[in-house]
Amino acid sequence: MSLLRLDDQQKIFYEHHRGERQRPCLVFLHEGLGCTALWRDFPQRLCQRTGCSGLVYDRIGYGQSTPLIRPRTIHYLHAYALDELPQVLDALIPDQRFILIGHSDGGSISLIFAAERWPRLVGAITVAAHVFVEPASIGGIEQAQKTFTRGQLKKGLAKYHGDKTEVLFKAWAETWTSPWFGSWNIEYLLPSIAVPLLVMQGRDDQYGTPAQVDAIVDKSSGPATPLLLEDCGHSPHLDFPELTLDLMSCFVNR
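Under numbering that gives the first Met the number 0, the letters of the sequence shown match residues 0 to 253, in that order.
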């Protein structure tokens, strides 16, 4: 079990996939209820397809990492992007170029980080990323709350998050549905992003509309390719793994 100690209180669980040293490392950032294990074998398969190494980790509060130790604020995604992620990169791939691959919350974290213009970042892939709160986001989360209360979702998540499950779910759901979070918006930082982007989303994503994709593509400064997948929900890499592997591989290899 690989653990990175951030400080006296916090440890990060991570997995490393081997690849060619001259190729960029693919850094996978999971969704708001995700973790390393919930990517399944997708990171390994993408690394094999591209020849790249891969880094997958559980953010604080998730999976096999340390539980959350403080309440979330409107800046919680910024904290993951500008505090935690740089520590992980500096410790585990200090001299290597990398591409971020972020799903949902992980996609938003990727965009916030990309706006900082790190010299070793050469591109980013976002999957169902959010740059503002919209009614579809709140409606999807409210439906998830009902499923969690009935027990099905809670039981499924507990396999991956253990005794952190209740706190983690409430932190995610209550933050996004709270009135004080309704003004959260990161469109202002998109013009600072210069690296190439692949912006993916399922047409039937229960947590967001194509307006998210449009905003990212229209407002970022670098080349940005939109991809809306038909008959696809919130997780294209799980709904259509082969297609998603092909699309991401083309972007990485280009």
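Rather than coming from a laboratory, the hints here were simulated on the basis of the structure.
Take the hints with a grain of salt, since some may be wrong.
To be verified - BS3-like mimics (lysine-lysine), calculated; alpha carbons at most 27 angstroms apart, straight line:
#1 Lys153 <-> Lys169
#2 Lys158 <-> Lys10
#3 Lys10 <-> Lys169
#4 Lys145 <-> Lys10
#5 Lys158 <-> Lys169
#6 Lys145 <-> Lys158
#7 Lys10 <-> Lys218
#8 Lys145 <-> Lys169
#9 Lys169 <-> Lys154
**OP:** Identify every previously stated hint that the structure contradicts and give their numbers, smallest first.
**Re:** Result: hints 4, 7 break, sorted rising.
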